[in-house]
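Fit chain B to the known structure of chain A by using the hints.
Protein chains: 2
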Amino acid sequence: MVRGLPAAGAARGPYLTAVGRGLLLTALVAAAASFLPVAESSCPRDKSLVRDISRMQQSNFGREGFSHITVTGALAHGMKEVEVWLQTFGPGQRTPIHRHSCEEVFIVLKGKGTLLLGSSSLKYPGQPQEIPVFQNTTFSIPVNDPHQVWNSDEHEDLQVLVIISRPPVKMNIDVMNIELYRKIARCAKYLMNY
Amino acid sequence: MVRGLPAAGAARGPYLTAVGRGLLLTALVAAAASFLPVAESSCPRDKSLVRDISRMQQSNFGREGFSHITVTGALAHGMKEVEVWLQTFGPGQRTPIHRHSCEEVFIVLKGKGTLLLGSSSLKYPGQPQEIPVFQNTTFSIPVNDPHQVWNSDEHEDLQVLVIISRPPVKMNIDVMNIELYRKIARCAKYLMNY
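If you're matching them up, the sequences are chains A and B in order. Sequential numbering of the first sequence, starting at 1, is according to full-length UniProt numbering. Sequential numbering of the second sequence, starting at 1, is according to full-length UniProt numbering.
Isolated chain A (complex conformation) (with noise of 0.2 Å):
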């Protein structure tokens, strides 16, 4: 989506103003949002006690290879304090860089893959952590700090549980996608000399 930009020239150096470059990234930064796995804001609230988590509605958010289930949360749920998801990378795929505010845990149902975390002290991602992570195990994702969970198996699928505080989720979109951040610095410095 944001290939196209530089060579649009809509906006141009000199004259692009601090609008036009706020404009700009925001939308380049709505695109990147569009991956993100937020709660459906047109759920029907389900009032059930004791809810079946294998007949719950799956969402992809047009995302091949993946599968959310929002199992508690604040939309369809009522939660004000706590939301829980399942969700399901097929082999390869992965969340996007982000970061947020609320405290986040992960639980590892099956599978194996790899945990990415930068320190939340970098204004960007910088080089982050690699860590393994596999099937019984679990992790907690410090505060604000930038991360990607990524099913890096070539086989199996990953299957974790997700906990969150706060609900619903508010992400901190300028570390979500480190390619995206690349494509932006690059469109800037394009219109900025241009």
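Hints are supplied without guarantee of correctness; some may be wrong.
[What the hints assert, rightly or not] The list that follows gives simulated cross-link-like pairs (lysine-lysine, BS3-like), each with its CA atoms no further than 27 Å apart:
1. B:K110 x A:K170
2. B:K112 x A:K110
3. A:K170 x B:K80
4. A:K112 x B:K47
5. A:K47 x B:K47
6. A:K80 x A:K170
7. B:K47 x A:K110
8. A:K110 x B:K110
9. A:K80 x B:K80
10. A:K112 x B:K110
11. B:K170 x A:K80
Just so you know, the hints here were simulated from the structure itself, not pulled from any lab data.
Leaving out everything else, chain B in the frame of chain A:
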């Protein structure tokens, strides 16, 4: 523990002051609180990023046929907003009846059992609903509703993942144990009519 109290007769009928009755109740509920699976206060802080759940320390809090693991918690791992437990109940085992002002989510990993759920609108728990739960179901306890999870199966273990908000959990123990409550009521009646 409560059984012998009326016979002890240290405080009597019209002579039992409000302070005396308060102390008696405090002692009774403190005795009941010793059955609760709260996090170990002396456990060392584990700073590992990825932890193998199968190697974590189990506790049974002095209760036969019960196992508790703090998968991620306030005291052991510095969590501030969510805490996750893995609990296993042998056949017939159950939690005390209790309630708390935090949110609580259960995910049944193995076995089947019964959720007993009272209403927060009642000063005393009254006759609870009895709701069957089984593998791959989830349920959330409404804030402040008295509840009990019971492995009502005669053969299989019941294993649940428990998620609470705002750790460490603060139990309201006024409905912790309905049987204890009945004993307190009988005890108070005995003392008042002496």
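> Any of the earlier hints contradicted here, and which numbers?
Replying inline: Result: hints 1 and 5 break, sorted rising.
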